[in-house]
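Undergrad: From first to last, the protein sequence lines stand for chains A and B.
Residues in the first sequence are numbered from 1 upward in steps of one, following my numbering.
Residues in the second sequence are numbered from 1 upward in steps of one, following my numbering.
Derived by calculation from the structure, the hints in this document are not laboratory data.
One should not assume that every hint holds.
Said to hold, decoys possible - Pairwise CB distance ranges (calculated):
#: 1; chain 1: A; residue 1: Glu96; chain 2: B; residue 2: Gly172; range: 53 to 63 Å
#: 2; chain 1: A; residue 1: Leu113; chain 2: B; residue 2: Val345; range: 48 to 58 Å
#: 3; chain 1: B; residue 1: Leu612; chain 2: A; residue 2: Glu164; range: 30 to 40 Å
#: 4; chain 1: A; residue 1: Gln97; chain 2: B; residue 2: Leu328; range: 52 to 62 Å
#: 5; chain 1: B; residue 1: Thr255; chain 2: A; residue 2: Leu66; range: 42 to 52 Å
#: 6; chain 1: B; residue 1: Thr255; chain 2: A; residue 2: Ala70; range: 46 to 56 Å
#: 7; chain 1: A; residue 1: Leu113; chain 2: B; residue 2: Ser79; range: 55 to 65 Å
#: 8; chain 1: A; residue 1: Leu66; chain 2: B; residue 2: Gly248; range: 26 to 36 Å
#: 9; chain 1: B; residue 1: Leu612; chain 2: A; residue 2: Ser55; range: 27 to 37 Å
#: 10; chain 1: B; residue 1: Tyr169; chain 2: A; residue 2: Leu67; range: 36 to 46 Å
Backbone N, C-alpha and C fix where the C-beta goes; we use that ideal spot for every residue, glycine too.
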Amino acid sequence: MSISRTFTGDLAVLPTHAFGARSLTWWGVIAYMLIEGGGFAVAGGAYFYLMSQESVWPPASYPPDLLPGALFTLIILLSEIPNTLLKKAAEAEQREQAIRWIVTLDLIGLVLLVIRGFEFAHINVRWSDNAYGSILWALLILHTIHILTDWAESVVLTALMMTEHGKEPRRFVDVSEDALYWRFVWITWLPIFALLYLVPRFV
Amino acid sequence: MTASDHSEDEPRDGPELDGDELDLVLSQTWGDKPGLWGWLCTVDHKKVGKRYIVTAMIFMALGGVLALMMRLQLARPDSGLISADRYNQIFTMHGTTMMFLFAVPVMEAFGVYLVPLMVGTRAISFPRLNAFSYWLYLAGGVMLWIAFVRDVGPDIGWFAYTPLSGPAYSPGKRADFWAQMITFTEVAALAVAVELVATILKQRAPGMRLDRIPLFVWSMLVTAFMVIFSMPAVTLASSFLLSDRLVGTQFYNGTEGGSALLWQHLFWFFGHPEVYIIFLPGLGFVSAITETFCKRPIFAYPVMVAALVTTGLLAFGLWVHHMFATGLPRLGYAFFTAASMSIAVPSGVQIFCWIATIWDSRPRLEIPMWWVIGFIITFVIGGLTGVMVASVPLDLELHDTYFVVAHFHYTLIGGAVFPLLGAITYWFPKITGRMMGRPLGIAAFVLVFFGFHLTFMTMHFTGLMGMPRRVYTYPAGLGWDALNMTSTIGAFILASGVLVFVVNIIWSLRRGVPAGDNPWGAASLEWATTSPPRPYNFAHIPAVTSHTPLWEETLPVFSGLRVKERELVLTTVVDAVPDLRDPSPRPSIWPLLSALATTGMFIWSIFSPWALVWGAIPIAIAMTLWFWPKEPPEPEKEPVIE
Chain A
1 MSISRTFTGD LAVLPTHAFG ARSLTWWGVI AYMLIEGGGF AVAGGAYFYL MSQESVWPPA
61 SYPPDLLPGA LFTLIILLSE IPNTLLKKAA EAEQREQAIR WIVTLDLIGL VLLVIRGFEF
121 AHINVRWSDN AYGSILWALL ILHTIHILTD WAESVVLTAL MMTEHGKEPR RFVDVSEDAL
181 YWRFVWITWL PIFALLYLVP RFV
Chain B
1 MTASDHSEDE PRDGPELDGD ELDLVLSQTW GDKPGLWGWL CTVDHKKVGK RYIVTAMIFM
61 ALGGVLALMM RLQLARPDSG LISADRYNQI FTMHGTTMMF LFAVPVMEAF GVYLVPLMVG
121 TRAISFPRLN AFSYWLYLAG GVMLWIAFVR DVGPDIGWFA YTPLSGPAYS PGKRADFWAQ
181 MITFTEVAAL AVAVELVATI LKQRAPGMRL DRIPLFVWSM LVTAFMVIFS MPAVTLASSF
241 LLSDRLVGTQ FYNGTEGGSA LLWQHLFWFF GHPEVYIIFL PGLGFVSAIT ETFCKRPIFA
301 YPVMVAALVT TGLLAFGLWV HHMFATGLPR LGYAFFTAAS MSIAVPSGVQ IFCWIATIWD
361 SRPRLEIPMW WVIGFIITFV IGGLTGVMVA SVPLDLELHD TYFVVAHFHY TLIGGAVFPL
421 LGAITYWFPK ITGRMMGRPL GIAAFVLVFF GFHLTFMTMH FTGLMGMPRR VYTYPAGLGW
481 DALNMTSTIG AFILASGVLV FVVNIIWSLR RGVPAGDNPW GAASLEWATT SPPRPYNFAH
541 IPAVTSHTPL WEETLPVFSG LRVKERELVL TTVVDAVPDL RDPSPRPSIW PLLSALATTG
601 MFIWSIFSPW ALVWGAIPIA IAMTLWFWPK EPPEPEKEPV IE
């Protein structure tokens, strides 16, 4: 190097893992939330644009039946309880607790996917009937992809936690970010629930 | 386990481990295996960045050949050189290739290569995602070009308006290949954007506070956020289009409650920011080059940063100005005209800051600086015609004519390609270790600059004379003949300049003067390491004390990163205080295999919706293996990512 160089400090003293905004994973998860949240927002915009083209909404059918959607919403809201406990256990680096709650969430995820099946069955419109049907199916499929991918990721993480790799401190960072992402999944569900079930009923 | 495996005893860089000895260890840790396997598995941001750059430049050459074919066809009236159908494919492929396969990827590619070096870190964040994004981009581009060569190329224009692109008017699979190319390139671009945001916010060298970030890095940060906010719209739009075409949804079908204008809104909500996504990195190039050759910091650095951020924000309020001709409420016209004109303000501010920087110094007229001057002249003209078409009455007159073609080539070639060619000349010595030749560099600049203005200045008049864009031929006697011939001659001069530029690159790779670490006497950190940089970028992590660290008397460094594992330092977002040592992933074949699985699903889903179900399984398997640790963990040992 052409200019002179002096050592000004030592990095060896720094820790090797941390939770939340101090970790790189957190920033990756947040950035993907922005992308996917943006996708949901644009889909919501398309919904209202299509709604503005119609004089009645829904144009020629009944709104989706409320029961499966309401049940799904109730359970996904309640899932935040084990999710918070999971996040706390991960950040306290308590492996057994973390495994207990992540398994609980895996099971809740399965239940949610089954109820989601009923939601599709009770949507009361085909995607090909009209643009109303198309956007409803699109919103529901978009959200289902999030439930599915997060569920698959959680299952892999559960398996990982049960092996020797589950003892590594960084694994707890992964679990903590996974719990953060689940919050995103259920929070984005609420406006989609409103678009699917409430707007066609009450607006 | 031996004692040396304990973290306290692990070798670290520092005064005791320095020079050739350190280089040997770090090269072992950060280098790739030799041969094809190492080539396929690499996650080195410099190798991936170079691949991105070279691939994007090849696509630019292909898009340029298409442009020349169009110019040959239009050189004379009633030309029968190219059929109408083929011509439709050619202009669609030209625009699509230039926008999606060249301009955005090449800018992100420079970010991938340069940003980690400029912020003084050992690697990009999420390097495997980076490798994955490159393979996906490559697959999408190759897919589109294979389709084109086999006469299934899109023929619907680069913005693919419905209903033309819908199932009723575009039977066959041409439009589907276009729409799926969008999915490929947007997934790739979004991945790179995430990496750049995380790298810039968390991996800056200690002391590189927000107000000490090089302007190019600022421009990439704003660009990355624009990608994050704009690209979901086009991905959604093209998915809707695919499903209209494949499974009979009605998003864009006006007779079933859909709307063709919904496409235009979704597309331009992405498409207008897209222009700035291409051109903000160009501004970053200009700032870097101007600073170096004027040998002084850019005038009014905080104003420059504010202008970049303002441009990024305003870019999201302009999209409707592409739709003036569709009919809008009066208030809509007024709002989007005002917004479109207001974006001239931050652009103008930056131009004045560069001029002030040049004014207040004795600029050295090296080749990159020529490109900067060419940029300022050309971009100002393009900006002025932009203000013209921002006003509704003029826009309605000029819409869909060659005037618009002239305008956006002035902004995109003048605003992005000229800075890009300057940037290639400027960073070529860092990337390759050799300088680019000066005589051929001057020749390339002169040919490109004058060829460009001959081609596109003329098109303003062709457009004012009423020639619509995208016509495959025209009758004689409309007053367009000489103008078109002039543009064609200009285009070939421009192309010969690009050819000279490429010849210069090839010549310089073999015969160029060896460059040394910092041949231009520049101020930013990428010049503090060897040319080309070693796989680990920096022997010791630099400590930054000013906005122009290499113009200080000394460059202090930190010791203490482990050298037998891939390790880098994370710093705090605002003040860049050292916070964590973080492991960086080792090379892996799984990003490539995941990209192949994803490619399989994307292409399959052009033909069957079931691809989304069955095609997802190999992706899930590949990605699980990507993340699964490969070796049993050792207790007490510090983290690694295998």
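Undergrad: Taking the hints in turn, state whether each one holds.
TA: How the hints compare with the structure:
1. A:Glu96 / B:Gly172: 53 to 63 Å: Because 59 Å falls inside the window, the suggested range holds.
2. A:Leu113 / B:Val345: 48 to 58 Å: holds (51 Å)
3. B:Leu612 / A:Glu164: 30 to 40 Å: Given about 35 Å between the Cβ atoms, the range holds.
4. A:Gln97 / B:Leu328: 52 to 62 Å: holds (58 Å)
5. B:Thr255 / A:Leu66: 42 to 52 Å: Roughly 30 Å apart at Cβ, these two residues miss the hinted range, so it is violated.
6. B:Thr255 / A:Ala70: 46 to 56 Å: violated (34 Å)
7. A:Leu113 / B:Ser79: 55 to 65 Å: Holds: the Cβ-Cβ distance is about 60 Å, inside 55 to 65 Å.
8. A:Leu66 / B:Gly248: 26 to 36 Å: holds (27 Å)
9. B:Leu612 / A:Ser55: 27 to 37 Å: Holds: the Cβ-Cβ distance is about 34 Å, inside 27 to 37 Å.
10. B:Tyr169 / A:Leu67: 36 to 46 Å: Holds - the Cβ-Cβ distance for Tyr169 (chain B) and Leu67 (chain A), about 42 Å, lies within 36 to 46 Å.
Checked against the numbered hints above, the structure breaks hints 5, 6 and satisfies the rest.
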